[in-house]
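Residue numbers (numbering that gives the first Met the number 0), protein chains in the order written: chain A, 0 to 214; chain B, 0 to 284; chain C, 0 to 208.
Some hints could be false.
[To be verified] Here chain B is said to cover these stretches of chain C; the calculated rule only asks that three of the stretch's residues, wherever they fall, bring their Cβ under 8 Å from a Cβ of chain B:
(1) 164-176
(2) 198-205
[Said to hold, decoys possible] Pair by pair, the computed Cβ-Cβ distance ranges are:
(3) C:78 / B:221: 48 to 54 Å
(4) C:196 / B:271: 47 to 53 Å
(5) B:10 / A:206: 55 to 61 Å
(6) A:198 / C:83: 35 to 41 Å
(7) B:125 / A:126: 41 to 47 Å
(8) C:118 / B:84: 55 to 61 Å
(9) C:68 / A:178: 33 to 39 Å
(10) C:115 / B:75: 45 to 51 Å
(11) C:203 / A:206: 32 to 38 Å
If you are wondering where the hints come from, they were derived from the structure by calculation, not from laboratory data.
The beta carbon of each residue, even a glycine, is placed where N, CA and C say it ideally should be.
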Amino acid sequence: MTPSAAAAASPWWPVALAVDVPAGVAVPASLDGDDVVVWRTAKGELRIFADRCPHRGMRLSFGFVRDETLVCLYHGWRWRADGGCALIPAHPDLAPPPSLCVPSYPAAEADGLIWMAATIPGRPPPAMTGCTPLASLVVDRPAAVIAAAIAAAWGAMDGVCARLAEGDVVLRMAIQPVHAERTMLHVLLAEGDPLVAIGVAEAWRDRFEAAEPVP
Amino acid sequence: MSLPLEPAVRDDWHVLCRLADLAAHVPAGFRLLAHDVWATRDAKGAVSVRSADGRALPVTLAYGHVFTSLGAPARPLFAIDEVAEPDRRLATCGAVRVRASGLRLVENFLDMAHFPFVHTDILGVEERPEVPRYDTEIRWDVDEVWATNCRFWQPLAAASSRGGQMSEYRYRVASPFNVMLYKTAPPDPARFDVIGLSIRAAEPDLSFAYAFLLLLDDATPATTLIHFQQTIFLQDRIILENQRPRLLPLSPKAETPTRADMSSVAYRRWLKAKGVRFGVFEAAP
Amino acid sequence: MTLVLHDWELSADAYRARLLLGLLGLDYAKVPVDVIPGGETESPAFRKISPSGTLPVLVDGDVVLSEIAAILVHLAETRDVACTWLPCDRARRAACLQWLAFALGPLRASDAARDTAMFEHGGPWREPEVMAHRALRVLEGRLIRQALQGEPFLVEGGPTLADVAAFPAVALAVDWGETLTAFPKARLWTRTVRALPGFVTTPGVPEFL
Ligand code: FES
Ligand SMILES: [Fe+2]
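Isolated chain A, as found in the complex:
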């Protein structure tokens, strides 16, 4: 299944393991070449914004979280969880206009994964019930190549998700197309020893990287 066909099947895309974005932290992610910042307020509320400050274009993922706002590194403009601007430090007395805001994306957390969508989807992200998140692994190949390799080896994917059993290990994976040449595999453990499982996942990553391009 190509990523666009998968998108039709599931409007949600995985962008990170929930444990890798603790409260008060902002991390960058890309989906099909679109850069976003995944962040949590100090209280732990999850948000996904476009990774570009409306002021002078600085990537917001270089900023930091202060209380319930994301602070841009360049001039310290503070962005609330609702996307609106809370403060322009150069003009402390000025109330930022309500029209001033960062574009944001629907975000959801489920079974240890963080998901994003382009528009508000009509249903929740795929369930990975009973799984433990293991790791996110980078693969320097297009998502379509990986989807084809998965389908050939493990059977058809369920949207952006796949399931694999090898030896005593059962893995679930969700794939994130980062850009034309890069994919992230978000790996969860359904059964087995975690240290053995990560070795299995890395071996699959290496096989995906060696996989032939889809004609």
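For chain A, the structure is supplied; the task is to place chains B and C with the ligands on it using the hints.
Here is chains B and C with the ligands on its own, set in the frame of chain A:
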């Protein structure tokens, strides 16, 4: 294939390298405005610059650097009168490579609002982020952009600072890729240190920044002064490499200026009026 | 315990290991690796014992080492009873470490020059960004495993020189455009290092860490 260069950029002076970096008789190649050029210095110190097709290009040696032009400059290189003062010291800081439009570098240099966040505890503190109103003007008679009456509270304004000061700044954009600032000199608050930043725009989104200092400070070792400037510039570099788009948008709607950005607004307006395109972001039609 | 060396005759690093083994009078088994033209260091089997694909690899019972510095120090510490090769005297040890690091740092440019001179495409050498990305993957793999065991640092039990030596390369990778998007555990680890008492920063270390 690149577009032909617009006259405002082609006929301007551009920094090529530090004079000290040219060894005698060894031609050195540089990328300038998406063209290859070659510079050579003879035993007597005279520098010649040639384009890839063998044309001899104009040369001016000033402020420790070699300046050249791909076209025919209508006026001499910008003058900084302070250079003639006997108690001024010149220090050159070398080149730093930045993957960003040179115009973004100039705009960052004009910006005070970032001091508390990017140069924390050096050029600004988070507790005093306010940018008081200042004046900007496009001086069409000399074709320069100026920002004057700029004030900002700085905990460590220069390598020689002993404590905080309310610094006074004057910014001068002498040409699209050459900018300088005049700043209260800690040893003598009645006079100004001069810090120049000249950009070699190698490609629209790839720049080399050459900073030079004309300072009144005669006590601080040159290396300390240079390291101070390099520290500041490396802090800026992380910003410059991560602004999106890498090229500078001139459309007023592309980004969101406030009153603190008056100098950037004037700079963009002036670039547009002059027809500058190199390093400018053009939205897809 | 027999020592096993995964070896390539033309590799300067492998020769360093063979040289010390010889000087210590140790017997060992050789496993030849077909680096050129076979590209065996890229194979999954070899990557199991050498995650970065570096050669030689020394196997000493449970200990598997693929970094030449670790191999030399390990052999000296376990097989050199007279303390000849890694002196115990503090001043001599400091000088020895200084020159060891030099030999495996600046002086290695000579190995690279030799490879460039000897092989088409510079032999096993690659562009620095490619090599750096590969090394970051290895670091990420280590940190994933450490995290699964509740260990936040590179070596169990707390921060060590390994973290100190690795931090600048990771934190300053932003300067060459690597924002660590693909390495979530490395990002978290930089925050942990940053939180250590006495931590100092330098220009280029991003605020987000
Ligand atoms: S670019 Fe974000 S605050 Fe200025
Ligand atoms: Fe700055």
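Cross-check of the supplied hints:
1. 164-176: Coverage by chain B holds here, the residue count being 3 at a Cβ distance below 8 Å.
2. 198-205: Holds, because 3 residues of the stretch 198-205 of chain C bring their Cβ atoms closer than 8 Å to Cβ atoms of chain B.
3. C:78 / B:221: 48 to 54 Å: Between residue 78 of chain C and residue 221 of chain B, where Cβ atoms are some 52 Å apart, the hint holds.
4. C:196 / B:271: 47 to 53 Å: Because 52 Å falls inside the window, the suggested range holds.
5. B:10 / A:206: 55 to 61 Å: For residue 10 of chain B and residue 206 of chain A the Cβ distance comes to about 58 Å; the hint holds.
6. A:198 / C:83: 35 to 41 Å: holds (39 Å)
7. B:125 / A:126: 41 to 47 Å: 44 Å Cβ-Cβ, so the 41 to 47 Å window holds.
8. C:118 / B:84: 55 to 61 Å: holds (58 Å)
9. C:68 / A:178: 33 to 39 Å: The hinted range 33 to 39 Å holds for residue 68 of chain C and residue 178 of chain A, with Cβ atoms some 36 Å apart.
10. C:115 / B:75: 45 to 51 Å: Holds, since residue 115 of chain C and residue 75 of chain B (Cβ atoms, about 46 Å apart) stay within the stated range.
11. C:203 / A:206: 32 to 38 Å: holds (36 Å)
Taken one by one, the earlier hints all hold for this structure without exception.
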